[in-house]
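Quick mapping for you: the protein sequence lines, in order, are chains Y and F. When we follow the numbering used here, the leftmost residue of the first sequence carries the number 1, and every step to the right adds one. When we follow the numbering used here, the leftmost residue of the second sequence carries the number 1, and every step to the right adds one.
Derived from the structure by calculation, the hints contain no laboratory data. Each hint should be verified, as a subset may be incorrect.
Stated by the list, open to error - The calculated EDC-like cross-link candidates involving lysine to aspartate or glutamate, where the alpha carbons are at most 20 angstroms apart (straight line), are:
hint: 1; chain 1: Y; residue 1: Lys28; chain 2: F; residue 2: Asp50
hint: 2; chain 1: F; residue 1: Lys249; chain 2: Y; residue 2: Asp93
hint: 3; chain 1: Y; residue 1: Lys121; chain 2: Y; residue 2: Asp93
hint: 4; chain 1: F; residue 1: Lys171; chain 2: Y; residue 2: Asp77
hint: 5; chain 1: F; residue 1: Lys249; chain 2: Y; residue 2: Asp143
hint: 6; chain 1: Y; residue 1: Lys54; chain 2: Y; residue 2: Asp77
Claimed, not checked - Just some of the chain Y residues that point at chain F, by a computed CB distance under 8 angstroms:
hint: 7; residue: Asn65
hint: 8; residue: Thr66
hint: 9; residue: Ala69
hint: 10; residue: Lys70
hint: 11; residue: Thr103
hint: 12; residue: Tyr133
hint: 13; residue: Lys137
hint: 14; residue: Val144
hint: 15; residue: Ile150
It should be emphasised that the depicted structure is a prediction, and the values quoted were computed from it without experimental measurement. A virtual CB, placed ideally from N, CA and C, is assigned to each residue, including glycine.
In case you want the letters, here they are:
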Amino acid sequence: MLLRITFWAALVLTFSLHLHAQDAKADKLVGVWEPSNGKARVKVEKIGTKYYGKIVWLREPIDPNTGAAKVDKNNPDESMRTVPLKGYRMLKDFTYAGNGEWTEGTIYDPESGSTYNCVIKLKDDNTLDIRGYVGVKALGRTDVWKRLQIQ
Amino acid sequence: MRSTLFLGRILAVCGILATFIPLRAQEPDSLGTAEEEEDYSMYDDVVFADSGTTRYCSPKIFDLSPQRFISIGWDYQRPFNITASPIGTYAEGAEPAPAESGRAGYTGGLRLGANIPVISRNSFVWQVGASFWDIRYAFQNIEDEPGAAGLLDILDERGLRTIGLNTTIFKPLNEKNFILIQANADLSGDYRLPQFQSLRYVRYSLAALWGRRPSDRLMWGIGAARTYRVGEMNYIPVVLYNYTAPSRKWGTEILFPARAHVRRNFSPRSILLAGYELEGQSYRLNTLSDETRSLEIRRGELRARLDYQFQLVGFVWASVQMGWRYNWSFNADYLEDKGQEFFRGFFGDQPFAMLNELGNPIYLQAGIHLVSP
Numbered sequence: 001m002l003l004r005i006t007f008w009a010a011l012v013l014t015f016s017l018h019l020h021a022q023d024a025k026a027d028k029l030v031g032v033w034e035p036s037n038g039k040a041r042v043k044v045e046k047i048g049t050k051y052y053g054k055i056v057w058l059r060e061p062i063d064p065n066t067g068a069a070k071v072d073k074n075n076p077d078e079s080m081r082t083v084p085l086k087g088y089r090m091l092k093d094f095t096y097a098g099n100g101e102w103t104e105g106t107i108y109d110p111e112s113g114s115t116y117n118c119v120i121k122l123k124d125d126n127t128l129d130i131r132g133y134v135g136v137k138a139l140g141r142t143d144v145w146k147r148l149q150i151q
Numbered sequence: 001m002r003s004t005l006f007l008g009r010i011l012a013v014c015g016i017l018a019t020f021i022p023l024r025a026q027e028p029d030s031l032g033t034a035e036e037e038e039d040y041s042m043y044d045d046v047v048f049a050d051s052g053t054t055r056y057c058s059p060k061i062f063d064l065s066p067q068r069f070i071s072i073g074w075d076y077q078r079p080f081n082i083t084a085s086p087i088g089t090y091a092e093g094a095e096p097a098p099a100e101s102g103r104a105g106y107t108g109g110l111r112l113g114a115n116i117p118v119i120s121r122n123s124f125v126w127q128v129g130a131s132f133w134d135i136r137y138a139f140q141n142i143e144d145e146p147g148a149a150g151l152l153d154i155l156d157e158r159g160l161r162t163i164g165l166n167t168t169i170f171k172p173l174n175e176k177n178f179i180l181i182q183a184n185a186d187l188s189g190d191y192r193l194p195q196f197q198s199l200r201y202v203r204y205s206l207a208a209l210w211g212r213r214p215s216d217r218l219m220w221g222i223g224a225a226r227t228y229r230v231g232e233m234n235y236i237p238v239v240l241y242n243y244t245a246p247s248r249k250w251g252t253e254i255l256f257p258a259r260a261h262v263r264r265n266f267s268p269r270s271i272l273l274a275g276y277e278l279e280g281q282s283y284r285l286n287t288l289s290d291e292t293r294s295l296e297i298r299r300g301e302l303r304a305r306l307d308y309q310f311q312l313v314g315f316v317w318a319s320v321q322m323g324w325r326y327n328w329s330f331n332a333d334y335l336e337d338k339g340q341e342f343f344r345g346f347f348g349d350q351p352f353a354m355l356n357e358l359g360n361p362i363y364l365q366a367g368i369h370l371v372s373p
């Protein structure tokens, strides 16, 4: 009896430690990142079991045409065109697939109003390869994002 | 015994708790569009976690017409007249009596293109592509004089086509400066598929530019090119000037002298370009060539046009183009020594083998394209 309890306890503990380790790897995506063009900063958060990234900083936050804060004016959904870009979730629904890769998500480009399939790969602790693609991964473009530290 | 049992129970409880702690943490805290208030000013003052991180300039600026991964189109020219000289030796500006004439009732054909990114990173972009252009002619009222080369009959029967490979390299040097290299290898002639002509007659083009991208609305560059844009091989300076106005409604897309357009952006999904493009190839006519020399039609034309591009659905775009096709050159050269290319340029005096005249009709082009992110 004792042996059985000990065995199951050890098994559960091992499994839970494995889950913690997986979570720790998956959560390396969490943080503030800058795309290569330096035009925005994106904060990635974990919400539930998925990862989301919202715009928290814009190099040019004011729309020169309106003099007001930039909004998502290129969104194909007209009802979204008054939503401020700052705070906008441009990375959505990423799940950790192991091996430093997050899949099944999308990336939104506010410049074109287009949403792409996307795969995120952690190159090192401070570097992400963000590949947006159309249909198949070969038809895409990779952008390198760098981790930022808040002063 | 009791202490061992107690220890086992503690381990079991710890394991169960440890299992559920991460599950609690995974419960959604916010998925709605409404964000809790956040002080965004905290993101003003940041540094890269990695020291020595370099920013690179992008190969694009705001609102450029979309780059095409895959393209399927059809080109059609309205009827026009054509006259061709006999094969001979003619100085530029000579006016030989035409040996054959006719009216091209139909001129047009399929245009396929593919452009795939092999490496697409912010520090280096390398793309390779392939293209296939077909031109079919249907002539009416052909009149041949003695000594005619039979050019119109050849074009009518065989048409002209080009199969090409191309590659583009964009190398950003830093946040502002870049190098752009484009190379093409085209096999052009009256060959029929799948019987290609010898690869000896592949013609190579190359353009290399150094450029600056001072902002998200401007990139420019200067360089040089070896080109067949005016039909025969030439070396020319090139200027890149892509610009988007602060209103984001107007801009330019210029790679002078190959093409120059003013751009009107109605929306991110709807663009009108107005301008011109130079098109050219050197087509080997197998029927009029032999082992020692290659007779090549130096087709060069200027296409002044309006080009409307719009999103159909998702990443599928369509384009409709209409304009005026102005004949720059349809003359022919004999390339001696088994098709050895030569450089005439703007000032050379090498003679032509044929001097041909084409009318300048309206043309139409339509296509469907899978565009790039």
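Structure-based check of each hint:
1. Lys28/Y to Asp50/F: 15 angstroms, holds
2. Lys249/F to Asp93/Y: The given pair, whose Cα atoms are some 33 angstroms apart, is violated under the 20 angstroms limit.
3. Lys121/Y to Asp93/Y: 15 angstroms, holds
4. Lys171/F to Asp77/Y: 36 angstroms, violated
5. Lys249/F to Asp143/Y: 27 angstroms, violated
6. Lys54/Y to Asp77/Y: 18 angstroms, holds
7. Asn65: Check passed: Cβ of Asn65/Y comes within 6 angstroms of chain F, closer than 8 angstroms.
8. Thr66: 11 angstroms, violated
9. Ala69: With Cβ-Cβ at 11 angstroms, over 8 angstroms, it is violated.
10. Lys70: 12 angstroms, violated
11. Thr103: Interface hint status for Thr103/Y: violated (17 angstroms vs cutoff 8 angstroms).
12. Tyr133: Hint holds; Tyr133/Y Cβ to chain F Cβ min 7 angstroms, cut 8 angstroms.
13. Lys137: 11 angstroms, violated
14. Val144: 5 angstroms, holds
15. Ile150: Holds. Min distance 5 angstroms.
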